[in-house]
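Given only the sequences and the hints, what does the whole structure look like? Please build it.
There are 2 protein chains.
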Amino acid sequence: AQLALEKDYETHRDYETRYRVIMEASRDALVLVDVASGRIVDLNAAAAQVLGADADTLTGSAFTQEFDGRKRGEFIEGLVLSASDDTSGPVPVKTRRGKLDVAIHPIVFRAAGDKSLLCRIETAKSAESVAAELS
Amino acid sequence: AQLALEKDYETHRDYETRYRVIMEASRDALVLVDVASGRIVDLNAAAAQVLGADADTLTGSAFTQEFDGRKRGEFIEGLVLSASDDTSGPVPVKTRRGKLDVAIHPIVFRAAGDKSLLCRIETAKSAESVAAELS
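Top line first, the protein sequences correspond to chains R and F.
Everything in the first sequence is counted per my numbering, starting at 1 for the first residue and increasing by one.
Everything in the second sequence is counted per my numbering, starting at 1 for the first residue and increasing by one.
No wet-lab data here; the hints were simulated from the structure.
You may find that some hints are simply not true.
Pulled a few chain R residues facing chain F out of the computed Cβ check, cut under 7 Å [unchecked claim]:
#1 Asp14
#2 Tyr15
#3 Glu16
#4 Thr17
#5 Arg18
#6 Tyr19
#7 Val21
#8 Ile22
#9 Ala25
#10 Ile107
#11 Phe109
#12 Ala111
#13 Ala112
#14 Leu118
Source: prediction; values computed, not measured.
Beta carbons: idealized from backbone N, C-alpha and C, even for Gly.
Structure follows, in C-alpha cells:
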C-alpha cells in the first residue's frame with residue numbers, strides 16, 4: 001500500500017507541475033477562489049496584472065475586496081449561481097485598484113472536498129471583444 | 001511519514017482536479033506531448049477540434065502524425081528548441097486531417113523526470129490574429 005501510494009504521489013506531483021505550467025502559459029486572467037472563505041487561493045500573472053497588484057499580495061486576500069461596491073456574501077454566492085446557470089452571462093464588475101471594467105466568467109468545482117471557483121476575468125478591450133465587434 | 005504522505009497525497013489530488021478544470025476552461029487549444037516518445041499525453045476539447053478528431057482517439061497517438069509533411073525526430077526536437085529560444089516565433093504547420101494552417105507555441109518543462117511540451121495551437125482566424133491585424 002505504501003508503494004502504491006508513493007507511485008500515486010509521483011503521478012500527482014506531475015499534475016501539480018502541469019497545473020502550474022498551464023496557469024502561467026494561459027493568456028487568460030485566471031483566479032482560483034475558495035467559496036467558503038471567499039479568499040484567493042491562486043492566480044496567474046495575467047490576473048495579477050488585471051487586478052493591479054502583485055500575485056503574492058493578492059494570494060490569500062479576499063476576492064470581493066478587489067472590486068468596487070461589492071459585498072462578500074452576495075458577490076461570491078452570485079458567482080456560484082452564475083457558474084451553475086448555463087443561461088447566465090458573465091458577471092460585470094469594476095476593479096478597485098485600477099477602475100477597469102471587466103467581466104468575470106466563473107466555473108464552480110470541488111477539490112479535496114471544498115467548493116472552489118475558477119474565475120476567468122475578461123477586460124473590455126480583450127481580443128475576444130474586438131473579434132466580437134467585427135462579426 | 002505515512003500520514004504526511006497521505007496529506008500530501010490529498011493536496012496533489014487537488015492539483016489534478018485544478019489541472020483538469022483549467023484545461024477544459026481554456027479557450028486556447030492545448031496539447032501535452034511527451035518529448036521522449038513524441039506521443040500526446042493529454043489535450044483539451046479545443047485542441048481536439050483544431051486537430052479534427054476525438055480527444056480519446058488522439059490521446060496516446062504520435063503528435064507529429066497530426067501535421068502534414070513532418071518527420072518525428074526533427075519536428076519534436078524543433079519544438080523543444082523553439083521553446084528554449086526566446087527569440088524564435090511560433091512553429092507554422094498544417095493539420096493533416098483538416099488541412100488547417102496553424103501555429104504551435106511550445107513551452108518545455110519537466111514533470112516526474114520526463115521532459116514534456118505544452119503546445120498551444122493557434123488557428124489563423126483566432127481572435128488574437130484579428131486583433132493583431134487591426135493594430
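Going through the hints against the structure:
Taking 7 Å as the C-beta contact cut-off toward chain F, the hint placing R/Asp14 at the interface holds, the least distance being around 4 Å. At a threshold of 7 Å, the smallest CB-CB gap from R/Tyr15 to chain F is about 4 Å, leaving the interface hint in force. Because the smallest distance between the Cβ of R/Glu16 and any Cβ of chain F comes to about 4 Å, under 7 Å, the interface hint for this residue holds. Annotation: R/Thr17 was flagged as interfacial toward chain F, and the flag holds, the nearest CB pair being 4 Å apart, inside 7 Å.
For R/Arg18, the suggested interface contact is upheld, since its CB lies about 5 Å from the closest CB of chain F, less than 7 Å. Here the hint on R/Tyr19 is kept, as its CB sits about 4 Å from the closest CB of chain F, short of 7 Å. A least Cβ separation of about 5 Å between R/Val21 and chain F falls short of the 7 Å threshold, and the interface hint therefore holds. Nearest Cβ of chain F to the Cβ of R/Ile22: about 5 Å, under the 7 Å cut. The hint holds.
The criterion of a C-beta within 7 Å of any C-beta in chain F is met by R/Ala25, whose closest approach is roughly 5 Å, and the hint holds. Because the closest C-beta pair between R/Ile107 and chain F is about 5 Å apart, less than 7 Å, the hint holds. The criterion of a C-beta within 7 Å of any C-beta in chain F is met by R/Phe109, whose closest approach is roughly 5 Å, and the hint holds. The beta carbon of R/Ala111 comes within 4 Å of a beta carbon in chain F, closer than 7 Å, and the hint placing it at the interface holds.
Given the 7 Å rule on beta carbons, the hint for R/Ala112 holds: about 4 Å separates it from the nearest Cβ of chain F. For R/Leu118, the shortest C-beta to C-beta distance to chain F is roughly 5 Å, which falls under 7 Å, so the interface hint holds.
Hint compliance for this structure: no hint is broken.
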